[in-house]
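Just so you know, the protein sequences line up as chains A and B, in that order. Note that the UniProt record's numbering has the first sequence beginning at 1, numbered continuously upward. Note that the UniProt record's numbering has the second sequence beginning at 1, numbered continuously upward.
Heads up, some of the hints might be wrong.
Below, a list of computed lysine-lysine pairs in the BS3-like style, where the Cα atoms sit at most 30 angstroms apart [stated by the list, open to error]:
1) Lys-168(B) x Lys-36(A)
2) Lys-168(B) x Lys-290(A)
3) Lys-129(A) x Lys-290(A)
4) Lys-75(A) x Lys-168(B)
Below, a sample of chain A positions facing chain B; criterion: calculated Cβ distance under 8 angstroms [stated by the list, open to error]:
5) Ile-171
6) Phe-185
7) Ile-242
8) Val-245
9) Gln-289
Calculated directly from the structure, the hints in this document are not laboratory data. For every residue, glycine included, the Cβ atom is placed at its ideal position computed from N, Cα and C.
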Amino acid sequence: MAVISPPDVAPDLEPAADRAPRRIAFRQRLGKWDVKLSPYLYISPFFLLFAIVGLFPLGYTAWVSLHEWHLIGGKGDFIGFENYSTVLHAAFFWTALRNTFSIFLLSAVPQVFLGLVLAALLDANLRAKTFWRMGVLLPYVVAPVAVGLIFSKMFADQSGLINTLIGHLGIDPIRWHADVLASHFAIATMVNFRWTGYTTLILLAAMQAVPRDLYEASVIDGASRIRQFFSITIPMLRPTIIFVVITSTIGGLQIFDEPKMFDQYGQGGADRQWMTVTMYLYELGWGSQKSFGRAAAVAWILFLIIIVIGLVNFSITRRISSAGSTAGRKSR
Amino acid sequence: MSSVAMIEQTAGKGAARAAARKRKRNAGGAGANHRPGWVTYTILGVVLLISAYPLYYSFLLGTSDAQTIAQNPVPSLVPAGHFFDNMRRVLESDIQFWKALSNSVIVASLTSLSVVIFSTLAGFSFSKLRFKGRNALLVFVIATMAVPTQLGIVPLFIVMAELNWTGKLVAVIVPAMVTAFGVFWMTQYLEEALPYELIEAARIDGCSMIRTFWHVALPAARPAAAMLALFTFVGSWTNFFWPFIVLGSSNPTLPVAVQLLQASYFKDYSLILAGVTLSTIPLILVFAVAGKHLVSGIMQGAVKG
Numbered sequence: 001m002a003v004i005s006p007p008d009v010a011p012d013l014e015p016a017a018d019r020a021p022r023r024i025a026f027r028q029r030l031g032k033w034d035v036k037l038s039p040y041l042y043i044s045p046f047f048l049l050f051a052i053v054g055l056f057p058l059g060y061t062a063w064v065s066l067h068e069w070h071l072i073g074g075k076g077d078f079i080g081f082e083n084y085s086t087v088l089h090a091a092f093f094w095t096a097l098r099n100t101f102s103i104f105l106l107s108a109v110p111q112v113f114l115g116l117v118l119a120a121l122l123d124a125n126l127r128a129k130t131f132w133r134m135g136v137l138l139p140y141v142v143a144p145v146a147v148g149l150i151f152s153k154m155f156a157d158q159s160g161l162i163n164t165l166i167g168h169l170g171i172d173p174i175r176w177h178a179d180v181l182a183s184h185f186a187i188a189t190m191v192n193f194r195w196t197g198y199t200t201l202i203l204l205a206a207m208q209a210v211p212r213d214l215y216e217a218s219v220i221d222g223a224s225r226i227r228q229f230f231s232i233t234i235p236m237l238r239p240t241i242i243f244v245v246i247t248s249t250i251g252g253l254q255i256f257d258e259p260k261m262f263d264q265y266g267q268g269g270a271d272r273q274w275m276t277v278t279m280y281l282y283e284l285g286w287g288s289q290k291s292f293g294r295a296a297a298v299a300w301i302l303f304l305i306i307i308v309i310g311l312v313n314f315s316i317t318r319r320i321s322s323a324g325s326t327a328g329r330k331s332r
Numbered sequence: 001m002s003s004v005a006m007i008e009q010t011a012g013k014g015a016a017r018a019a020a021r022k023r024k025r026n027a028g029g030a031g032a033n034h035r036p037g038w039v040t041y042t043i044l045g046v047v048l049l050i051s052a053y054p055l056y057y058s059f060l061l062g063t064s065d066a067q068t069i070a071q072n073p074v075p076s077l078v079p080a081g082h083f084f085d086n087m088r089r090v091l092e093s094d095i096q097f098w099k100a101l102s103n104s105v106i107v108a109s110l111t112s113l114s115v116v117i118f119s120t121l122a123g124f125s126f127s128k129l130r131f132k133g134r135n136a137l138l139v140f141v142i143a144t145m146a147v148p149t150q151l152g153i154v155p156l157f158i159v160m161a162e163l164n165w166t167g168k169l170v171a172v173i174v175p176a177m178v179t180a181f182g183v184f185w186m187t188q189y190l191e192e193a194l195p196y197e198l199i200e201a202a203r204i205d206g207c208s209m210i211r212t213f214w215h216v217a218l219p220a221a222r223p224a225a226a227m228l229a230l231f232t233f234v235g236s237w238t239n240f241f242w243p244f245i246v247l248g249s250s251n252p253t254l255p256v257a258v259q260l261l262q263a264s265y266f267k268d269y270s271l272i273l274a275g276v277t278l279s280t281i282p283l284i285l286v287f288a289v290a291g292k293h294l295v296s297g298i299m300q301g302a303v304k305g
């Protein structure tokens with residue numbers, strides 16, 4: 001009757017089996033560590049790099065901004081918030097802030113509207129779909145510096161293409177490089193030129209993900225194309241619109257390349273009428289002042305502004321589009 | 001498709017053709033069961049003109065000369081004959097065009113390569129391996145996309161100066177070696193494209209983790225990796241702010257060099273825009289070959305993101 005091993009023998013056997021072939025045990029342990037550590041090892045490059053070139057500099061910016069700090073001379077005395085008060089009392093800072101917001105609004109708002117309209121056009125049973133989509137995306141591969149140079153010539157005050165064309169329509173030449181708003185419009189045009197296609201494709205992709213039976217149901221209810229667009233498409237695109245607005249905020253408030261290229265001096269015009277905050281940051285740090293402390297203060301202020309605007313953006317877009325969707329629901 | 005083929009077998013060719021037609025018609029856009037009319041095409045045509053004309057304008061002025069440009073604000077639609085002349089002047093100017101071109105090629109290629117490798121590695125880990133804190137870490141990666149890292153340039157510059165990297169290409173390459181976007185993108189893709197069975201099979205065959213990655217995950221990731229490389233390449237090629245600050249005019253990339261043209265030859269737009277055209281041509285060629293992958297890349301990213 002000793003055929004089936006009794007349960008009390010088992011614990012004796014197990015360690016023996018584990019001990020027996022040493023090599024395999026070692027290998028298994030290695031394999032175990034491989035399984036345990038590899039996942040962390042594989043994601044570590046991103047986290048290491050982000051810590052070194054993303055997180056650390058942002059934190060260190062705050063530290064630099066509390067010191068006298070020269071581009072070449074290096075760190076000086078701790079001066080508390082003096083850099084901030086200097087910057088906040090500088091007229092150019094407020095000019096730069098005004099310009100940045102003006103350019104941002106002139107580019108972000110039309111871009112979303114144009115993007116929606118173009119996406120609606122492309123979201124049809126077109127012939128040569130890919131061709132049209134590539135067509136709107138073409139400007140995306142042109143460097144902002146190149147766009148800036150091309151458009152600053154097109155928007156030249158004297159003998160420029162745009163002024164000549166609007167002259168044919170009977171409009172007086174606009175002083176694109178002298179007037180504040182005109183220069184902002186010209187720079188926003190560069191941004192829109194390069195990014196509208198990109199935005200359009202993102203919105204188009206979201207439109208194509210809208211369930212088709214919603215449209216079919218609305219047709220039965222007698223909705224027109226326009227009505228469909230406002231009562232179905234826009235509400236369904238809510239998350240995508242929020243995404244587009246937030247990314248364009250983050251990028252748009254840091255704008256540098258296009259306004260830098262708008263004339264040959266790159267300082268934002270005689271009265272700094274199109275100097276942006278990032279240009280001001282550059283001028284403080286690498287221009288005549290060479291004050292890293294003040295540049296860091298500007299960077300930190302802009303950082304806070306971007307975060308606040310991002311949150312405000314988020315709540316506004318959310319409210320607008322959810323209002324749209326409830327309106328859509330009520331009408332059913 | 002397969003059902004059309006089945007109709008062809010069971011009910012004959014004519015019925016299959018009718019079914020295919022019907023299917024095509026139903027596959028349309030926003031309630032658009034019919035093809036759009038000429039109005040749509042006209043508007044799109046105008047949009048296409050607007051997106052292409054500035055480039056052509058740049059080329060036209062690049063073929064012209066300073067005097068003609070000053071006299072004719074609206075360039076004639078036919079290119080003039082001075083392009084090679086202007087090109088020669090760009091190449092001979094002190095902006096070091098060839099050096100800038102090779103710098104741009106080096107930076108863009110190395111950045112793309114490294115972004116693809118590290119992002120795929122991280123994407124493989126996030127999508128297919130189980131480990132503690134995975135979800136939290138992934139959320140962190142996504143959140144970092146919203147951080148305006150460009151604002152850290154002051155300390156970044158100080159670090160580069162400490163390392164003696166200012167003016168060297170490493171200063172541009174290293175900070176761009178892996179991106180949150182890339183990690184997120186590859187995670188999304190591998191989640192769907194890489195079946196667990198394949199990984200298990202490789203593991204049972206005795207592959208270590210890294211060999212499993214190399215022989216199973218990397219091949220499966222190829223389409224998304226190609227798109228990621230493309231986006232990184234374009235982004236790197238057109239990047240200006242950081243290279244401008246850290247490299248300066250002695251060792252420029254193309255955008256930095258082109259910007260120098262404006263500073264030194266601002267009176268001669270034929271020269272500047274010839275330089276702009278030259279610096280843009282490589283990416284236009286890339287776009288002509290791979291533009292449709294850029295399009296589908298943006299659209300896929302949008303649906304997932």
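The hints, checked one at a time:
1. Lys-168(B) x Lys-36(A): 38 angstroms, violated
2. Lys-168(B) x Lys-290(A): 21 angstroms, holds
3. Lys-129(A) x Lys-290(A): 52 angstroms, violated
4. Lys-75(A) x Lys-168(B): Measuring from Cα to Cα gives roughly 23 angstroms; hence the hint holds.
5. Ile-171: Interface hint status for Ile-171(A): violated (14 angstroms vs cutoff 8 angstroms).
6. Phe-185: Result: violated, 16 angstroms to nearest chain B Cβ.
7. Ile-242: 12 angstroms, violated
8. Val-245: Violated: closest Cβ of chain B sits about 12 angstroms from Val-245(A), beyond 8 angstroms.
9. Gln-289: 13 angstroms, violated
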